[in-house]
Amino acid sequence: MFKSPPYLLQDASVSRVMTQVCLALVPGIAVYVWLLGPAILIQLAVASLAALLSEALILRLRGKPLALFLSDGSAVVTAWLIALTFPPLAPWWLVVVGTVFAIVVAKHLYGGLGQNPFNPAMIAFAVCIVSFPALMSQWPSQGLHLSLAEQANIVFGLMPRVDALAGATPLDALKTALKLGAESGIDVPALLANQDIYGNFAGRGWEWVAAAYLLGGLWLWLRGVITWQVPVAFIAALTAISTALWVYQPTSFASPFFHLFSGGAMLGAFFIATDPVSGCTTPRGKLVFGAGAGLLAYLIRVFGGYPDGVAFAVLIMNICVPVIDLFCQPPIFGMKDKP
Amino acid sequence: MFDLFKFKGGVKPPTNKAQSTTLPIAAAPLPARLAVPLHQSIGGTPRPVVKAGDTVLKGQLIGQADGWISAAVHAPTSGTVRAVAMRVQPHPSGLDALSVVIEPDGQDRWIERQPVDYGKLAPEDVRELLQAAGVVGLGGAVFPTHGKLTAAKSVPMEELVINGAECEPFITCDDLLMRERADEVVRGIGIFRDLLQPQRVLIGVEDNKPEAIAALEAAVRARGESFSVVAVPTRYPAGGAKQLIRVLTGKEVPAARRSTDLGVQCFNVATAYTAWRAIAHGEPVVSRLVTLTGNVRQPRNYEALIGTPMGELLAVAQPNPDTDGIIMGGPMMGFLVPDRDAPVVKATNCLIAHSDRLFPPAPPEMPCIRCGECARACPHELQPFELYWFARARNFGKTQEYAIFDCIECGCCSYVCPSRIPLVQYFRFAKSEIWAREREKNAADGAKARFEFKQQRDEREKAEKAEKLAKAAAAQAAKKAAEAAAAAAGEAKTDPAPAALDPETAKRATIEAAMARAKAQREAAAPRNTDNLSAEQQAEVAAIEARRTQAAVPPQSHPNGPTE
Amino acid sequence: MELLVAIAIMALGAIVLGAALGYASVKFRVEGDPLIDKIDSVLPQTQCGQCGYPGCHPYAEAIAKGDAEINLCPPGGMEGVQKLADLLGREVKPLEAEEKPPQVAIIDENTCIGCTLCIQACPVDAIVGAAKQMHTIVAPLCTGCELCIPPCPVECITMEPIGESLDNWKWKYPVVAILPAEKKAA
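Protein chains in written order, with the working numbering: chain A, 1 to 339; chain B, 1 to 564; chain C, 1 to 186.
Worth flagging that the hints you see were computed from the coordinates, not collected in a lab.
Do not take every clue at face value.
List of simulated lysine-lysine pairs, DSS-like, C-alpha gap at most 27 Å [stated by the list, open to error]:
| id | chain 1 | residue 1 | chain 2 | residue 2 |
| --- | --- | --- | --- | --- |
| 1 | B | 441 | A | 336 |
| 2 | B | 441 | C | 93 |
| 3 | B | 465 | C | 170 |
| 4 | C | 93 | C | 83 |
| 5 | C | 170 | A | 3 |
| 6 | C | 27 | C | 83 |
| 7 | C | 38 | B | 454 |
Chain A on its own, in the form it takes in the complex (with noise of 0.2 Å):
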């Protein structure tokens, strides 16, 4: 028998991380279905089968055991992640191609569980984005109210693809407004008061459901699954750069409470940059990560061409994981006075 020490272990396994992380989704999820009908439910199930099938396939063709790996849900973050940031109506295949392409290649491809240099998710909405911009731009119009078959319908390609479904996120809406208005002199806030898409303070529907994750993150805290530093820094970049422009020019920037509170602000701060694998893991290192992903979201989304900049500035922060990690390596036991 050789059993190594210590013979006593704190009950902790992958897989319960991972279920806590689903469990913090949940509030989030409700919302959405809530505010935004039950499509959402479909793009989940969908992602979830396609990312444990695909990932059962190359598991066995890796010769690794499926039970083992298969049970660790890690999967299904990814297909969660993965459906949450598609547009809840885009048809189904999408959802596969994307799920299956952040399981085989972004995952295993590197060598599975633990070893992905970037978030598998923001890897599927990357690839999404670059090969299918019209479908992963195409949101359903606010007030759009279909039936689940509907929304099924739609999903599973049985119904055609109204123009309803044609609309755009409250950010992207607020991007094309800016756009074409640069020479009329659009004023936001009064873009912001008047158009239906807007809501209180952010987008309609959507600012509640950043609450609902905001809400679950903290929850993820409490619980020791996630560390404060990645979503304070990443909140507090957005914030900084936000205000700071918005006090310069509130007519063309939207303020820091639309950009917290919409597109994938609170998903990416509480769920996506905390990915541990692809993240910085030193406590320095994780403000620096979180920072730079904040900032570049913002940049992303305002000066760039894209309309949410969340993904890009994950995967962008996670090339340079191995270099701030580097330099950000905590003093240890005893060495402190040294630098």
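Chains B and C: place on chain A using the hints.
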């Protein structure tokens, strides 16, 4: 009343201490045979001073300390030495080492014990006494105590920290010692205080041992000492020397420095107790308190003789039938002893009967997800997951860059790891590989140096030989040349009569020259250190000299005397 | 004209760079060949000559010159080959000879006649003794090179593998639980 500091990291495993504290300390029964390993402390292996067949008394020296960092070993009871041979060790390897096997005679007769009033002794003598009594750190590191009782010359000794924290789960031997023998612990601390002269003495005890704290406080008060008994928060590894020093003084001792360089020194309470027994009662360390717990029916603390086979000792606590192993030490830093016959040694503070029911096997290892739990749990603020990657890849240079030798192997990282990676095991592997490489490197360097030296020596010898040969050849040649020249000269003179005499005279001349040389040599070899001789000796020398000169004269006076 | 300018610029560049290189070769001149020392420090210094060179340093010289393969050193083992390959950027090759566990020479004291031949053969002065006196091997100094075995006229020297003891015991590489893939189990 007392400002405590915090150390980072640490974990809170279930303490499991209550089971073994319900009963007082008991004496373990005398085993049928004791195997006392000679190497029981850090440093040199003591040399055996008994042989098979010798009878020994309890407390009699059986292993003489070898060097300053080494401590003596004594017979734990009276009896007969059956062998001085290789016996299995309480070590994860299950390898053998030199041990003294004693068959007890059952009388447990002591040697003559000599109590000492240490106040009258010089500090060096006290330290030597402690070494001779085999007093070592009983917290588990077994560093010879006398080697820690010298203050640094340049740094004033500020704090003496006494470690009664006992943070590992299951272990309660220090707790019971403090409860029942607090007075002697305090008096032992007094010895350390007198030798080190610190400004403050701080006794740290985890706050889950209120009885021990109360007993110590009472003992300190009764002795009128100024020691502070400090309750420290229960958090593993608060009982690690460096962590306790940090908690009590705020000082952080790095791996590369000695704590005395920071003006602080740390001893275990049990060490203080044995030091007092050694000085004031003349009793060397022949037994220690051992917690018997885990999967047993009667968990309790026993005073067990060093050398008692672990299986035999554990049987006293009645292990449950599904016990399948013995853990020496606690469940965090201890190890499964590969052989039940391994003896109790000075480092054995606890024996835990192991069963899979009590310590379920770890679930299968998963890949590291870099969650950083280990880094947050590490009391030395290392990055265990980074160390793990490098140790796993056998990139030992990198493990050293990430300060692997600052790792105290406390097991916090493995305890919290959600992927169930045996992190500590990787670190132990990496450390012992690095040490092995260092040994190999040193051996290779030594071999190289000796090889180069031998080569130089061979070359020098060759050169010397060649020179000698060349000289001899030259001398030969010169002689021949000289003879030829002499012959030529003789011919040149063309005097027939001397020419006829020539061989004779030449020979005589050579002989005379040889004699002269011999005489010169004799004179040169004459004793020169004749200055401080007595008159008698001088007379003798003079007589010998006289004989020599006499003996030397005749050949000169009779040129034809010798052969021919 | 432009042609001339171009030529002039190139010529100027060549002169400047040439001067810099010339200066550097004087300024940063390295005495001896550092590569040989680096190779030598990888070799195990048993001085056994099993590589066909009289000692580790000559072998290192030969490797540095490119005369010798890197897989000729049995005491260094495959690990040594790997290190040399890393150092020199050469390809790893299987060891020429069989890899042996570390060993130490033992002199049978009853048979030894005290001829001193082994003492002369020992490259690292690990044998002590005098003429007509029994010899003995200083085990910690012995590199296990076996050079003392052939000269012994009475064949009293044997090689013993160095056993594991508490002094040289090492923690093993943690056993990675390799679970069988389920298709194999099925």
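Against the structure, the hints come out as follows:
1. In summary, the hint linking residue 441 of chain B to residue 336 of chain A is not supported, as the alpha carbons are separated by about 32 Å, beyond the 27 Å threshold.
2. As the CA atoms of residue 441 of chain B and residue 93 of chain C are separated by approximately 23 Å, the hinted pair is consistent with the 27 Å bound.
3. For the given pair, residue 465 of chain B sits about 49 Å from residue 170 of chain C by alpha-carbon distance, which is inconsistent with the 27 Å threshold.
4. Of the supplied pair hints, the one linking residue 93 of chain C and residue 83 of chain C holds, its CA atoms being roughly 12 Å apart against a limit of 27 Å.
5. Proposed proximity of residue 170 of chain C and residue 3 of chain A is supported: the alpha carbons are some 16 Å apart, at most 27 Å.
6. With a C-alpha separation of about 31 Å, the suggested pairing of residue 27 of chain C with residue 83 of chain C is violated against the 27 Å cut-off.
7. At most 27 Å may separate the alpha-carbon atoms for a hinted pair to count; residue 38 of chain C and residue 454 of chain B meet this at roughly 22 Å.
Hint compliance for this structure: hints 1, 3 and 6 are broken, all remaining hints hold.
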